[in-house]
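Number of protein chains: 2
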Amino acid sequence: MGDRPLKVAILGCGVVGSQVVRLLEEQADDLAARVGRPVELAGVAVRRIDAPRDVELPAGLLTTDAEALVARDDVDLVVEVIGGIEPARTLILSALEHGASVVTANKALLAEDGPTLFEAAEKAGRDLYYEAAVAGAIPILRPLRESLAGDRVTRVLGIVNGTTNFILDKMDTSGAGFAEALEEAQDLGYAEADPTADVEGFDAAAKAAILASLAFHSRVTAADVHREGISDVTAADIASAREMGCVVKLLAICELRPGTDGPGGGDETVAVRVHPAMIPRSHPLASVREAYNAVFVESDAAGQLMFYGPGAGGAPTASAVMGDLVTVARNLVAGTRGVGESAYADRAVLPMGETRTRYHVGIDVDDRAGVLAAIAQAFAEHDVSIQTMRQDGRGDDAQLVLVSHGATDAQLSATVEHLRGMDIVRDVTSVMRVEGADDQ
Amino acid sequence: MGDRPLKVAILGCGVVGSQVVRLLEEQADDLAARVGRPVELAGVAVRRIDAPRDVELPAGLLTTDAEALVARDDVDLVVEVIGGIEPARTLILSALEHGASVVTANKALLAEDGPTLFEAAEKAGRDLYYEAAVAGAIPILRPLRESLAGDRVTRVLGIVNGTTNFILDKMDTSGAGFAEALEEAQDLGYAEADPTADVEGFDAAAKAAILASLAFHSRVTAADVHREGISDVTAADIASAREMGCVVKLLAICELRPGTDGPGGGDETVAVRVHPAMIPRSHPLASVREAYNAVFVESDAAGQLMFYGPGAGGAPTASAVMGDLVTVARNLVAGTRGVGESAYADRAVLPMGETRTRYHVGIDVDDRAGVLAAIAQAFAEHDVSIQTMRQDGRGDDAQLVLVSHGATDAQLSATVEHLRGMDIVRDVTSVMRVEGADDQ
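Those sequence lines, one after another, are chains Y and W.
In terms of our numbering, the first sequence is residues 1 to 440.
In terms of our numbering, the second sequence is residues 1 to 440.
Bear in mind the hints are in silico, worked out from the structure with no lab data behind them.
From a predicted model like this one, the values you see are computed outputs, not experimental measurements.
All residues carry an ideal CB built from backbone N, CA and C; glycine is no exception.
Possibly wrong hints are sitting among the right ones.
Residues from chain W shown here face chain Y by an in silico Cβ test under 10 angstroms; the list is partial [to be verified]:
#1 L23
#2 L24
#3 E26
#4 M322
#5 A410
#6 A414
#7 V416
#8 E417
Label pairs and their computed distance ranges (CB to CB) [stated by the list, open to error]:
#9 A51/W - I85/Y: 55 to 61 angstroms
#10 T116/W - G264/Y: 40 to 46 angstroms
#11 G264/Y - D3/W: 22 to 28 angstroms
#12 T388/Y - E290/W: 22 to 28 angstroms
#13 T388/Y - G335/W: 19 to 25 angstroms
#14 S282/W - Q391/Y: 54 to 60 angstroms
#15 R281/Y - E417/W: 52 to 58 angstroms
#16 A334/W - Q186/Y: 45 to 51 angstroms
#17 I85/Y - D3/W: 58 to 64 angstroms
#18 H98/W - R281/Y: 33 to 39 angstroms
#19 E354/Y - D3/W: 48 to 54 angstroms
#20 S282/W - T388/Y: 29 to 35 angstroms
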């Protein structure tokens, strides 16, 4: 391609796209020095030319014809920050076919149909980078793909959704209920008017699928991820967690599970889930406050690592996009490609019922002789071992709080069903999984 | 190089080297899949063939002739984990000249003579990677070199020495003095019999030079780093920090300082220093306990990021070496190179006296009228503004605790000298810099 400047097309000029445009302009000299060639804007595709936006663009760079833009011969690099499945997928595929490398922040598309995109990139001999798709500015995909490529990652625990972390943190610090905390998040711009994608865990599930794919060199899609949101988390749950020295977080959990040959054997599986969970306050993730994100990684040799930072927002997400853009641009200049998809291990995804977890269970029971024995027996019948049990008497009833040892989710959920059917049980007041301890 | 296996030579088979050997063997299948070619051990250079070591090696792989090993035609990749300046430097240079790429964990050598190595790698068209040189297993160099390559890093604050963090954490939690905490660190294997390199900050200063070079695209060597260790930190300093809601950490601090044109101008400078400092307990670095490391990064677009994990130890350091090894091996297979040295910005290093910091100063004074005014006047004479001042009367003397606003280190140290010469000042009991707040 000679020594001409690299040309970048940007699809979308919203919160993230406008920051990418700004950084491309402000850092032009640094980018040229780091890439080895000037990097110039070829065009920005938008839905409406005259919409108000945060950045001033030279006349003639805006277009509503995204398809024509990605097909242009002089475009070397396409940044997709439209989001959603279509037209993003069609445009990315077209960009690759026309010989451009692609940087995207599109977690939903990657989690739904990543393999199609990766195959297209492979076929085109171009890069497809997507650091911004998970945890905003936090470098987590590159460390998983490259820094830990000589290690064996066994678990990833992520706080990857800022909206839900803000809400849960607010509930923890102020004692507010879910509805009240959500309203505050909406007032402050941390939650959208329709908060479903965030509070019901869809956003975190897409990110979990991407993290699990990279960590375990397998194909995991959003449909493989067991998902529960936080809308049922109550102030009582939060208080109960606090009494146990825990805090409630919405976690994206990706685990490598030993197969019949044990750890490292050929039939290891992958367990991927998103749900609220109690973690000990001493766990590094417990101190992740407000709308911040963090990803905690466990591996055989490195041990425990954590990556922390802003998980959303225009400028932070644009920082991750720009990092990818520099890498991809360097690869173009060098006539090479970065690491593509790595799915060689092809591990199966374990159904949620077979996934090992621990449960925290709060139960209101009659306060009379034999109750403890009957409750303990219910756990034993399902082969679930109890780690701790605490009883608070109050009049003629009592509140029991139990934490189980690790067992399959099916065993644990059957135990809770069993408890709910017992005469001496007035109510199962709280059920929540417990994570971040060694015994899983 | 056809499809033959890639051959790796390892220099040194101590704590780190033996773990690299183990991982190369245990993960052979995964490495082959990730690199695209089998990766095999060509040989291991040691000082004594019959020394006891943690790993069993096939006969014939051990050699005492490191120079012959790195010069072998069939060696594609050399891992240097001997440490120290010589013979490590000569061996790395010879390996590059003979066409091998190099992975090293040698912070001392990189901080002293990095440019010589980078130039040799550039000339040879080979990679020189060194993630393991800073903060052990924590991926921090790759994020700085690549993830943040499209952003503008303005500050790096690192807890990059596990020994000193263990000692300071012990002093904070138990009230122990420095000597007692050091002894415990030695008993537990966190400190060496001669702890000078750690407690006097030499190790951290080498890492600071490497971090500053990468963060600010300039050449910074260990000689450029202002260095103070922790051996003068007293139990009273720790208690004083606690009263202020702070904790004392040994920090590696790398800052981009605006030049005459302000931020982003052409004459920005770099300030690099290692010294004990007070940071607020609410700062993410404050919760880094025991021998863990963490690096806190501030940049224009990403905001605040933190990278946390084990900063030393055989297996964690080997994890970082292995990550580099996979990247370098992939590059060899693809016939390309990764990012080399980036020193285009060529920023000057600011002398410590001109570096802006804040001071915490504890003073015993006579408790009589006019004392406060006289002390405040001393600060004013040196153009240092006081942020907070607290006085505790006790009999006929009083304890004053002051925290300054940001000023140059020369102004602040002149202020302290001035205080020491005042009649009303009985003793300056504690002087420590304060970091991690916005006002610097």
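If you check each hint against the structure, which ones fail?
-> 5, 6, 7, 8, 13, 14, 15, 17, 18 and 19
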